[in-house]
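**Q** Read off the chains here:
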Amino acid sequence: MSDAALNLHRTAHPGKRRFRSATEESAPARIALILIAVGGLLLLVGAPLVAVFAEALVRGWGAAVQSLQSRDAQAAIRLTLLITAIAVPMNAIFGIAAAWFITKFDFRGKAFLITLIDLPFSVSPVVAGLCIVLLFGANSAMGAWLVANGFPIVFAVPGIVLATVFVTFPFVARELIPVMIEQGRSEEEAALTLGASGWRVFRTVTLPNIRWALLYGTLLCTARAMGEFGAVAVVSGKIRGQTATMPITIEMFYNEYLSVAAFSMAALLTGFALLTLMLKTVLELRHADQLAATRRH
Amino acid sequence: MHIDIDEIAKEFGATTALHPVSLAIPSGALVALLGPSGSGKTTLLRILGGLEFPTSGRVLFNGQDATGMTVQERRAGLVFQSYALFRHMTVFENIAYGLRARPRAARPNKAEIDRRVLKLLDLIQLPHIGDRYPTQLSGGQRQRVALARALAIEPRMLLLDEPFGALDAKVRKELRQGLRDIHDETGLTTVFVTHDQEEAMELADLVVVMSMGRIEQIGKPQDIRAKPATEFVREFIAA
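Those protein sequences? They're chains V and L, same order as listed. Numbering follows the UniProt record's numbering, with no gaps: position 81 of the first sequence is 81. Numbering follows the UniProt record's numbering, with no gaps: position 119 of the second sequence is 119.
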């Protein structure tokens, strides 16, 4: 570059100027936003998380582990895992069926059905629990009959499953509906014209296209199912060692001033939730290329 | 195979997509359904393919009533507007899909499927793209893969919905010739939907001009140009 050009360059840009893109905010605004986001996250999510683990380990690792080995604690862990193992597959199937029905067919009352799917998000879990007690409790005709025939629902495992399924119903369907709407019906139609049966189309075209949304919805559903308190508290009757799930047991321990036991259980429950999130992240990282391939077309 | 459309009508709720229309498509013809959007041409194509069912009227394949025939039974090779390739499958798997979906007794063995897919890839002049995914292809390549996938099932007819709609002008010209060649080579009765009168006139043996759910005129391109039957046809082909 010649001197003249250099000079011209200098006069055009006195000093060093940095241009920012139109969407970039000024430095003070950026710092403020970052502080709010990080501060909020630390205060609202980070601090309680640390507190739970700190409280659990306040008398050492041994005491925490020992508290989890009590008969009641073991029963609670087994029960929560059992409920989750039943409720999550059920909701995965319900969710796929509902999303498929809503997105692949045109019918009257579709908007109403979508609202209905969201109902568990807006109804208080306690109310949901009460409804199950009203419907299936020993005071109702159906409940009395069920109890007489040796299949009680309320204050037993089936009631807890029902309550959990109700509360976590929207997660899978909510994840799937937008994905399936965006993908439309033409790939399914193409498969049909190529001679595939409805079930084959579902297996080879629909399911592969929604698998990530399904996985994501299922993981959220799992985390929520393990942690459900309100509805389960009403229907379970909180029978120690029988119908007390992990969240219920945490409350019991806490009310009995068994602080280490309560927080150890809470830490374990948190650990389960973190594990689900980690699983999701790992899967996303490992299959990033496929993810990109199915999202864009 | 010759196709007869006998007084087909279609209503979607309160809206009428097709007033009763009749049309005879001779075996081996290359027919264009030409009209603006909302003229009912795509609905008619989908009824032929078995993706929609008419409110009234009949469809006959080789003189036999096919109105109630399921989409799978019809064996119509359909090329969709946005191609609808299976995005999670390779090009090879896309083309093999229809063969693999056959009931066990009618399914070719693996070697035979390989052979047929490779032959189709040659036919569309893209012999080396079997391992790629649809997202890695250009628009023109996707269209040709969609065509190969439709041909793989040994269809009885070929139905194409705006096959050149999403392509730029140069590719469109090339692929028009490609479709003409494939039609002439396979001898399949072919129906394609288009809103582009130049495309219809240049490519088709028989042009069916449609508007507002009605057929305005059926004729050879030169006859339609020479003698437009209605004011609508005159204006539409002048555009």
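Among the hints, erroneous ones may be present.
[Unchecked claim] Just a sample of chain V residues kept apart from chain L, beta carbon distances all over 10 angstroms, derived: (1) A32; (2) A141; (3) L192; (4) L194; (5) A196; (6) R200.
[Claimed, not checked] Among the chain L residues that face chain V by a calculated CB cut under 7 angstroms, a handful are: (7) G49; (8) L51; (9) T55; (10) T67; (11) G68; (12) M69; (13) A76; (14) L78; (15) F80; (16) A84; (17) F92; (18) Y97; (19) A101; (20) I153.
In short, the hints are calculated from the structure, not lab data. All C-beta atoms, glycine included, are put in the ideal place defined by N, C-alpha and C.
**Q** Please name the hints from earlier in the document that this structure breaks, with their numbers sorted from lowest to highest.
**A** 3, 4, 5, 6, 9, 10, 11, 12, 17
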